[in-house]
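Going line by line, the protein sequences match chains A and B. Just add 309 to wherever you are in the first sequence, counting from 1, and you've got the working numbering. Just add 309 to wherever you are in the second sequence, counting from 1, and you've got the working numbering.
Wrong hints could be hidden among the right ones.
Copies of one chain are not kept apart here, so a pair can be met inside one copy or by any two copies together.
Below, computed lysine-lysine pairings styled on BS3-like, alpha-carbon distance capped at 30 Å [what the hints assert, rightly or not]:
hint : residue 1 : residue 2
1    : LYS551    : LYS623
2    : LYS379    : LYS494
3    : LYS325    : LYS584
4    : LYS381    : LYS349
5    : LYS324    : LYS577
6    : LYS382    : LYS490
7    : LYS494    : LYS419
8    : LYS551    : LYS325
9    : LYS551    : LYS478
10   : LYS570    : LYS553
No lab work stands behind these hints, which were simulated from the structure alone.
2 protein chains.
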Amino acid sequence: MGGDFGPSVTIPAVKKALKAYPNVAFQLFGDEATINSYLKLHRFNKHDRIRVFASSDDVTMDDNPIIALKNKKNSSMRLALEAVRDGQAHACVSAGNTGALMAISRFVLKMLPGIDRPAIISAIPTLINEHVFLLDLGANVSCDERRLTQFAIMGNELVKCLDDNPSPKVALLNVGEEENKGSEKLQRAAEMINSLESIDYAGFVEGNQIFSGEYQVIVTDGFTGNNVLKASEGLTRYLSHKIKAAFERNWWTRFTGLLAKPVIRTFKHEVNPEKYNGACLVGLRGIVIKSHGAANVFATFCAIEEAIVQSKQKLPHKIREKLEQAAATLDH
Amino acid sequence: MGGDFGPSVTIPAVKKALKAYPNVAFQLFGDEATINSYLKLHRFNKHDRIRVFASSDDVTMDDNPIIALKNKKNSSMRLALEAVRDGQAHACVSAGNTGALMAISRFVLKMLPGIDRPAIISAIPTLINEHVFLLDLGANVSCDERRLTQFAIMGNELVKCLDDNPSPKVALLNVGEEENKGSEKLQRAAEMINSLESIDYAGFVEGNQIFSGEYQVIVTDGFTGNNVLKASEGLTRYLSHKIKAAFERNWWTRFTGLLAKPVIRTFKHEVNPEKYNGACLVGLRGIVIKSHGAANVFATFCAIEEAIVQSKQKLPHKIREKLEQAAATLDH
Numbered sequence: 310m311g312g313d314f315g316p317s318v319t320i321p322a323v324k325k326a327l328k329a330y331p332n333v334a335f336q337l338f339g340d341e342a343t344i345n346s347y348l349k350l351h352r353f354n355k356h357d358r359i360r361v362f363a364s365s366d367d368v369t370m371d372d373n374p375i376i377a378l379k380n381k382k383n384s385s386m387r388l389a390l391e392a393v394r395d396g397q398a399h400a401c402v403s404a405g406n407t408g409a410l411m412a413i414s415r416f417v418l419k420m421l422p423g424i425d426r427p428a429i430i431s432a433i434p435t436l437i438n439e440h441v442f443l444l445d446l447g448a449n450v451s452c453d454e455r456r457l458t459q460f461a462i463m464g465n466e467l468v469k470c471l472d473d474n475p476s477p478k479v480a481l482l483n484v485g486e487e488e489n490k491g492s493e494k495l496q497r498a499a500e501m502i503n504s505l506e507s508i509d510y511a512g513f514v515e516g517n518q519i520f521s522g523e524y525q526v527i528v529t530d531g532f533t534g535n536n537v538l539k540a541s542e543g544l545t546r547y548l549s550h551k552i553k554a555a556f557e558r559n560w561w562t563r564f565t566g567l568l569a570k571p572v573i574r575t576f577k578h579e580v581n582p583e584k585y586n587g588a589c590l591v592g593l594r595g596i597v598i599k600s601h602g603a604a605n606v607f608a609t610f611c612a613i614e615e616a617i618v619q620s621k622q623k624l625p626h627k628i629r630e631k632l633e634q635a636a637a638t639l640d641h
Numbered sequence: 310m311g312g313d314f315g316p317s318v319t320i321p322a323v324k325k326a327l328k329a330y331p332n333v334a335f336q337l338f339g340d341e342a343t344i345n346s347y348l349k350l351h352r353f354n355k356h357d358r359i360r361v362f363a364s365s366d367d368v369t370m371d372d373n374p375i376i377a378l379k380n381k382k383n384s385s386m387r388l389a390l391e392a393v394r395d396g397q398a399h400a401c402v403s404a405g406n407t408g409a410l411m412a413i414s415r416f417v418l419k420m421l422p423g424i425d426r427p428a429i430i431s432a433i434p435t436l437i438n439e440h441v442f443l444l445d446l447g448a449n450v451s452c453d454e455r456r457l458t459q460f461a462i463m464g465n466e467l468v469k470c471l472d473d474n475p476s477p478k479v480a481l482l483n484v485g486e487e488e489n490k491g492s493e494k495l496q497r498a499a500e501m502i503n504s505l506e507s508i509d510y511a512g513f514v515e516g517n518q519i520f521s522g523e524y525q526v527i528v529t530d531g532f533t534g535n536n537v538l539k540a541s542e543g544l545t546r547y548l549s550h551k552i553k554a555a556f557e558r559n560w561w562t563r564f565t566g567l568l569a570k571p572v573i574r575t576f577k578h579e580v581n582p583e584k585y586n587g588a589c590l591v592g593l594r595g596i597v598i599k600s601h602g603a604a605n606v607f608a609t610f611c612a613i614e615e616a617i618v619q620s621k622q623k624l625p626h627k628i629r630e631k632l633e634q635a636a637a638t639l640d641h
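Generate coordinates for the entire structure from the input sequences, incorporating the hints supplied.
Given below as structure tokens:
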């Protein structure tokens with residue numbers, strides 16, 4: 310049971326999920342005594358939909374993924390993934406070390422046929438529609454045209470399942486909208502994605518269009534995706550700081566700030582990044598949801614919800630079907 | 310005289326600059342009749358610090374850079390750059406087609422020794438300090454370690470000159486701060502930059518640290534830089550829209566919105582992207598400032614100011630010296 314706060318956040322989030330989803334059961338992996346003490350604290354230590362499993366190793370945030378994979382065979386992360394592999398659980402939610410989660414997932418669950426490595430995909434809020442799914446967010450630093458095409462297929466199926474949208478618009482991130490812009494690799498990826506019948510390919514888009522809401526899936530390499538996502542976090546923090554400072558300028562602005570508080574609260578609720586917690590590791594033969602290390606109770610609950618929805622939709626199964634159909638294009 | 314608005318924006322901006330800088334003279338290139346009519350409109354058609362030069366070709370925003378370079382030898386862009394080459398002007402400011410400006414600048418002005426292509430660099434507001442310089446913003450889609458090192462040298466000298474900072478902190482954008490993160494190319498670039506005595510290399514940074522203000526120069530490839538910059542524009546637009554919508558919810562929120570107007574104005578002024586208009590094409594044997602196509606009068610004035618400051622500092626000359634000192638590392 311990882312993340313920055315461990316069971317102190319996970320247990321209340323699980324409690325919330327048990328109430329909201331009467332058919333869902335939990336297996337909790339980690340230090341047994343600590344988990345039990347938190348269960349007791351929250352007064353549901355004898356819940357019939359909770360089972361606690363003791364782990365002895367501990368994957369830390371600084372652990373090298375390969376070392377974690379080789380030496381920490383009894384970590385909560387590893388045991389939870391093995392439960393998914395063995396059909397004991399439908400999905401694994403973890404707030405632990407992303408690199409280790411990737412490496413161990415890949416080893417324990419294996420990849421879908423034709424996929425080399427998992428991609429990280431997550432929803433991001435937009436102007437018109439509710440959200441867009443952006444991938445990859447950092448699992449694959451450099452990507453050739455085949456991998457970008459795999460991302461398009463996986464993103465497309467994910468949106469179809471989760472948003473009940475039969476024909477999502479899928480776009481490729483580039484430095485210009487014109488067909489001749491960007492690297493040759495990107496142009497080849499555009500051709501490959503465009504040739505797939507199952508995808509409504511919308512062409513190249515630029516960075517400012519990520520938040521426009523015109524597209525439902527935007528595909529890019531993990532280096533760019535990761536930096537765009539993290540820069541957005543940094544910019545949001547910068548702008549929040551600036552607006553706060555503007556309201557704290559003098560007694561009058563502080564007064565208007567008090568009056569405007571409900572508005573600021575509405576605004577914060579609408580753009581709350583916690584709603585979007587729960588990135589998915591796609592391409593695996595099982596469902597793995599990565600919760601933010603610093604997630605609070607609400608954000609952790611959102612990550613659990615994501616796992617429940619994906620389990621109901623049997624997402625890996627559906628992605629697998631589409632990959633098989635696209636095999637000819639991908640092998641080309 | 311390009312950009313979305315042509316002389317209707319440029320002429321008032323020039324008027325403002327003539328007042329603010331009594332020692333600066335302007336050469337205006339474009340359609341003579343149109344320029345003169347705007348000069349007349351703004352009542353300074355007989356100014357002794359303005360000369361108008363007629364151009365006959367027109368580089369449009371959609372023009373292919375190579376076509377513009379080969380076929381439009383009498384465009385305002387080309388003539389202005391030739392004036393810089395021939396020592397008739399200290400700097401060229403353009404709001405025209407970026408690709409064409411890059412290609413024509415490179416052909417007319419030539420690159421500094423050891424530099425293959427210009428990089429686009431611009432200041433971005435940050436939390437602690439006033440700004441950070443990010444490069445490349447889209448001139449070089451893919452960059453090897455040599456090119457990233459050239460960016461570090463150019464960014465470092467630019468900040469030293471413009472911000473009067475003798476030892477700027479220079480960082481490399483990556484998907485993690487640890488030395489083993491990212492591609493091998495990035496790790497080699499880190500080594501090369503770290504070996505240069507003239508640079509205070511601060512290591513790898515992640516996207517969220519762009520806006521933190523702890524660094525003065527952040528180096529990345531043009532694909533990532535362009536997407537981070539444009540995504541930031543898109544996110545700012547999204548957040549502005551959401552805050553406006555929150556204030557327009559009902560009569561009470563509209564009322565508090567009226568009271569909070571001065572605060573919102575302060576906030577908007579502080580984060581005004583127009584202040585940061587005027588990206589520089591570094592690596593050339595002359596000063597070329599790219600103004601945003603949609604720049605207004607104030608933003609265009611800021612781009613002109615940027616050109617004036619860089620001219621006073623003889624920026625290309627200083628960058629050239631540092632490149633010569635670093636030649637051994639770059640040739641390695």
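Tested hints:
no.: 1; hint: LYS551 - LYS623; result: neither (44 Å within a copy, 34 Å between copies)
no.: 2; hint: LYS379 - LYS494; result: between (35 Å within a copy, 27 Å between copies)
no.: 3; hint: LYS325 - LYS584; result: within (15 Å within a copy, 47 Å between copies)
no.: 4; hint: LYS381 - LYS349; result: within (28 Å within a copy, 78 Å between copies)
no.: 5; hint: LYS324 - LYS577; result: within (25 Å within a copy, 42 Å between copies)
no.: 6; hint: LYS382 - LYS490; result: between (47 Å within a copy, 24 Å between copies)
no.: 7; hint: LYS494 - LYS419; result: both (27 Å within a copy, 29 Å between copies)
no.: 8; hint: LYS551 - LYS325; result: between (34 Å within a copy, 29 Å between copies)
no.: 9; hint: LYS551 - LYS478; result: between (35 Å within a copy, 24 Å between copies)
no.: 10; hint: LYS570 - LYS553; result: both (11 Å within a copy, 14 Å between copies)
Violated hints amount to a single one, hint 1; each of the other numbered hints is respected by the structure.
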